[in-house]
Amino acid sequence: MPTRFRSALIIVVAAVAVAGAVWAQVRSTSRQSDAYQPARTADGKPDLSGVWQALNTANYDIQSHPARPALALIPAPPRTGVAGLVRATPSDLPAPAVRGLGAVGGVPAGEGVVDGDEIPYQPWAAAKKKENFEHWLERDPEIKCFMPGVPRATYMPYPFQILQSTDNILIAYEFAGTTRTIHMNKVGNNPSASWMGLSRGRWEGDTLVVDVTDFNDQTWFDRAGNFHSDALHIVERYTAVSPYHLMYEVTVEDPKVFTRPWKMRMPLYRRAEKDKRILEYKCVEFVEEAMYGQLGIVDPATGHVNR
Amino acid sequence: MRYRSVAVALTLAAGAGIAAFALASAARNSTAATASETHSYTALRTAWGDPDFQGVWRYEAVIALERPARFAGREFLTDAEIAQAEQTEKDQEAKRLAGVEGEAVGRQSVAASPIRGNEYNSFWQDHGRPRKVYKQTSLITDPRDGRIPYTPDAQKADARAAARYGVGPYESYLDPDTGERCLTDGVTGMMWQGPNGGHNQIVQSPGYVTILHEEYRDRRIIPVDGRPHGKIRQWFGDSVGHWAGDTLVVDTTNFVDKTNYEWASIWTRPSETLHLVERFKRTDADTLEYTITVEDPQTFVKAWTAVIPISKIPDGTQIYEYACHEGNYAMPNLLSGARANAVKSAARK
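Protein chains in written order, with our numbering: chain V, 1 to 307; chain Y, 308 to 656.
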C-alpha cells in the first residue's frame, strides 16, 4: 500500500474513532441528565410503593466512624503484674453487659451520611451528645424498643414498606411495628407531641416531600447519642432514581439544639425478594426482662425471689 | 379495668374523645337495621378498581359478643326491648357527657368493676358517639345459642382469666395480661374491641389492604395479590386476602402459640392451630359488615362465627399514635406495689 494512502487511511480511521468517542460521550452525558422516569400510580404520581431498606451504618453513627469493639465500652483497668515488665497499652474494652457477644457485638466502620460530616451542635448540646455516647446502654431508646422517631426509622437495619394510596401514604416499619401516615391532604396538628411526629406530604415534581413536626424530645438519630429537642422539624425527600433505588434526603432543623439546619442523604434499596413482606418485630416482650425483671417479686430470668 | 396509664396515649385519647363528641351530630337515629337488610348501596371504588373501604371505622353497637342469659333462645330483641335499650343509651350518653357515669363503650360499669377507683380509668377512655341499638341479641350467629363453644379446658382458662383480670397476683411482668404489657389484645377482636382506642383506619393501595388499629398501634398489612401464605408464625399470623365480588375475604393462619401468656379474653389468644377467616363487606356508605369465623381445636370444640356491624367515622377523623409501651409507667408501679404489699403482709404474720 502506498505510504501516502496509508497515512490518509490512518487519519480517517483516527477521525472516525474520535468522533465515535465524542458521540458516545455526548450520548452518555445526555442519558445521565435525563431523570429516571418512575412507574406511575393510577392517579399519575410516581409509584414509590414497595419494601425498602437502607444498607449503611448510619444507625450506628450518622457521622464517619472507625470500627470499635462494642457499642458500650469501659476503659481497661491499670494492670498490675510482674514488676518492671514493659506492657502493651490497654485499649477500651467491651462493657460487661455486651462482652460475651464478641465479634457479633462489634461496631462496623462506616462513612457518614451527614453533608460535610459535621453536626452543628450548640456547645451545651455537643457536650450532651458526648455524654449520651458514653451512657449509650442506659439511654438509647432503641434498646427499650421505643418508637425510633424520624429519620432514624428509615435507616435502622430493618425493612419498611411504602403503601401508597391517594389521600394517604403509609410507611410501615418492621422495627417495633411502627407506622407513619403521610397526610397528602390538609390535616390539623397532633393534640400532643409524639414519637413519630406528624407527617404532611406533597409532590415536588417526581419527589415526595414530607414535612414532619410535632415531635417529642425522646428519640435519637443513632446509637452514637445524636439527639434533638421537641423543636425538631424534619423535611424528607424521597426520589425514585431507578426501579431498585430511592434517593433519600433529610433536612434537620432544631433551633434549640443546632446552630443551623443540616442534611443527611443516602440511597434506599428495594428488597427485591418475591412476595417480600414486613414481618413482626414485636420487641416489647424482648425487653421486659431488662426493663422489669428486677422489679417483680420473682425474676422470670432466674426463677428466684428478687432481693 | 386496665392500669395502663399511658401518658401520651391518654392525652391523645382524651383529644380523640372530645373530637368524637364534637362530631356526634345532634340527633342520630340510633336504631339501625341489621346490616344485611340494606340493599341499595353501590360500591365505591378505588382509583385502581377495588371496592373502597378506606377511612376510619369503629364498632359502635351495643350487641354483646355472647348472647346474655336473659335473651336465651332468642336471636332478636322485641320492639319493647329495642325501645328500652335506646332509652338506656340516651340516658347513658347524657351521663357520660355530664361525666357522672364511668361506663365506657363495650366495658362493664364502674359498679360492676372489680377494681376500686375505676372512675379514674374511665376518663381517658374514648366514650365515642351514642351507641347504636340493633335487633340481634349477640354478635355470634353460629352456633345458634350465641355462645362461644369453648373446650372444657378453655372454659376453665376463661374463668381463671376473668377472676385474675385487674386483680392479679402480679409476681412479675409476665402476670399482667398481654394488653397491660402493651403487646396486643389479639387479632380476633381487633376490628371491634378497644375502649382505649378502638378506631381502625383502613388504607388501600394496589395489591394491599392495610388496617391500622389505634390501640397498641396494631397493624395488619394484608396482601390481596394472589400470593400464597408465608411460612413464618407471628402474633397476628399470616394473612392473605382476595376479593369475592365486593367482599374482601382474609384468610389467616400461621399464628404463633402465645397461650402461655395471660389474655384478658381467652377467645382472642393465638395458638398454632388457630385459623381465622374474615369477611369485610360495605353494606352502605357508613357500615362495614364484618364477619369472622374462628376455628381452633385447642380452644373451641367447633368453629364459631360472629357478624359485627362497624361504623364509619366521619371523613377527616385521624387515628393517633398509641405510645403504650413507651409510657407504661403502670408496669413498674404495679410490680413495685405488689412487692411492697408482699413485704407488708409478711411483716404482719
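Worth flagging that the hints you see were computed from the coordinates, not collected in a lab.
Being a predicted model, the structure only gives us computed values, none of them experimental.
A virtual CB, placed ideally from N, CA and C, is assigned to each residue, including glycine.
Watch out, some of these pointers could steer you wrong.
Some, not all, of what chain V presents toward chain Y, calculated at C-beta under 10 Å [said to hold, decoys possible]:
1. 77
2. 80
3. 192
4. 195
5. 285
6. 305
Think about it this way: if two alpha-carbon atoms lie no more than 16 Å apart in a straight line, the pair counts; the simulated EDC-like pairs of lysine to aspartate or glutamate are [stated by the list, open to error]:
7. Y/565 to V/275
8. Y/651 to V/273
9. Y/538 to V/285
10. Y/538 to Y/579
These are the hints, each one checked on the structure:
no. : hint           : verdict
1   : 77             : violated (33 Å)
2   : 80             : violated (41 Å)
3   : 192            : holds (4 Å)
4   : 195            : holds (6 Å)
5   : 285            : holds (6 Å)
6   : 305            : holds (9 Å)
7   : Y/565 to V/275 : violated (26 Å)
8   : Y/651 to V/273 : violated (58 Å)
9   : Y/538 to V/285 : violated (22 Å)
10  : Y/538 to Y/579 : holds (12 Å)
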